[in-house]
Amino acid sequence: MYAPPDLTHEKFSANPDRNRYNDIICLDSSRVVLTLNVPPDVDYIHANWIKMDSVDRKFIATQGPLDNTIGDFWRMVFQENVAVVLMLCKCEEDGKIKCAQYWPLEAGGYKTYQGMFINNKKVEKEDRFCVYTLEVLPEGCSNSNIVKLIQVIDWPDKGVPSSGMSILRLLKMISTGTLNMGPAVVHCSAGVGRTGTLIAIETAIQRLWKGQIISFRDIVQQMRNQRVVMMQKEHQYIFAHLSVMYYICAKIPKHREAVQIFHEQFKNSGI
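The numbering of the sequence shown is UniProt numbering, which starts it at 1 and goes up by one.
It cannot be assumed that every hint is accurate.
[Claimed, not checked] Simulated DEER-style distance windows between Cβ atoms: (1) Lys111 x Arg217: 42 to 48 angstroms; (2) Ile261 x Asn68: 18 to 24 angstroms; (3) Ile261 x Thr112: 50 to 56 angstroms; (4) Tyr110 x Pro39: 24 to 30 angstroms; (5) Glu93 x Glu124: 35 to 41 angstroms; (6) Val259 x Cys141: 47 to 53 angstroms; (7) Lys96 x Ala3: 35 to 41 angstroms; (8) Ala3 x Lys111: 35 to 41 angstroms; (9) Pro5 x Gln101: 33 to 39 angstroms; (10) Pro16 x Ile248: 42 to 48 angstroms; (11) Met173 x Thr8: 34 to 40 angstroms; (12) Gly108 x Val33: 30 to 36 angstroms.
Calculated directly from the structure, the hints in this document are not laboratory data.
Ideal Cβ placement from N, Cα and C applies to all residues, glycine included.
Given the sequences, and given the hints that come with them, work out the whole structure.
Here it is as structure tokens:
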């Protein structure tokens with residue numbers, strides 16, 4: 001398994017109560033530094049900048065918020081002018097807590113998390129996604145930001161979604177209008193497996209669109225230089241290839257049947 005040459009993680013070690021998993025470190029070299037309404041000695045959040053070659057958009061890969069880091073999560077979203085948050089997990093999976101409930105679920109609901117006011121303005125539910133339109137306002141600030149939170153509800157932990165097309169649909173959703181502005185925050189539970197897979201797929205598609213040769217090995221290595229263990233499992237690596245194949249099929253339909261056959265074989269393989 002590839003590991004970056006610089007594994008310095010002093011801030012991670014100094015803040016154990018702010019880390020969801022003690023074996024997923026947060027690299028100092030690429031970490032997001034909190035600056036909004038926090039003293040310098042508490043500027044830590046388990047989140048890393050992911051900047052990929054040939055991809056215009058920057059990503060912030062982060063863990064699912066803990067109860068005591070919800071305010072920090074929303075501070076990060078506000079200070080970095082984030083327009084879209086991609087949540088690739090459920091708050092509870094297989095009877096285990098994977099992420100805190102960090103926003104009010106119902107339209108019209110509002111809540112303050114450690115000095116960050118969140119107002120749920122709209123809820124839209126689809127087969128594989130829930131889309132929440134949220135107003136984010138720091139305490140003492142007069143200007144709020146509108147953020148789209150898109151939750152993917154069919155992607156199991158350490159697994160893959162039931163359809164490669166659903167992820168392509170998700171990436172298309174965030175590439176239009178105001179959602180294409182600023183960095184995108186992406187998280188699952190640890191912020192490495194599903195999160196890394198999604199960013200790898202987007203990177204491959206952007207490079208393909210620009211006529212470049214795709215190497216997922218290089219993509220994974222570049223991601224892991226910025227956040228450790230990105231794209232954890234072999235089947236996530238295969239699924240990333242499969243999603244790009246579906247993208248090609250959308251552009252060249254004659255290959256669609258062959259890709260669908262391969263997908264069924266992959267799902268039934270037990271990998």
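Evaluation of the provided hints:
With their beta carbons about 43 angstroms apart, Lys111 and Arg217 fall inside the hinted range of 42 to 48 angstroms. Judged by the Cβ atoms, the range 18 to 24 angstroms given for Ile261 and Asn68 is violated: they are separated by roughly 48 angstroms. Checked against the hint of 50 to 56 angstroms, the pair Ile261 and Thr112 passes, with Cβ atoms roughly 52 angstroms apart. Look at Tyr110 against Pro39: about 27 angstroms separates their beta carbons, and that is inside 24 to 30 angstroms.
Against the hinted window of 35 to 41 angstroms, the Cβ-Cβ separation of Glu93 and Glu124 comes to about 22 angstroms, which falls outside the hint. Between Val259 and Cys141, the C-beta spacing of about 48 angstroms keeps the proposed range 47 to 53 angstroms intact. Checking the proposed 35 to 41 angstroms range against Lys96 and Ala3 shows it is violated: the Cβ atoms sit about 27 angstroms from each other. In this structure, Ala3 and Lys111 meet the distance hint of 35 to 41 angstroms, their C-beta atoms being roughly 39 angstroms apart.
A hinted range of 33 to 39 angstroms for the beta carbons of Pro5 and Gln101 is consistent with their spacing of about 38 angstroms. Distance hint check: the CB atoms of Pro16 and Ile248 are about 45 angstroms apart, consistent with the given range 42 to 48 angstroms. Evaluation of the 34 to 40 angstroms hint for Met173 and Thr8 yields a pass: the beta carbon distance comes to about 36 angstroms. Judged by the Cβ atoms, the range 30 to 36 angstroms given for Gly108 and Val33 holds: they are separated by roughly 34 angstroms.
The structure does not agree with the numbered hints 2, 5 and 7 stated previously, though it agrees with the rest.
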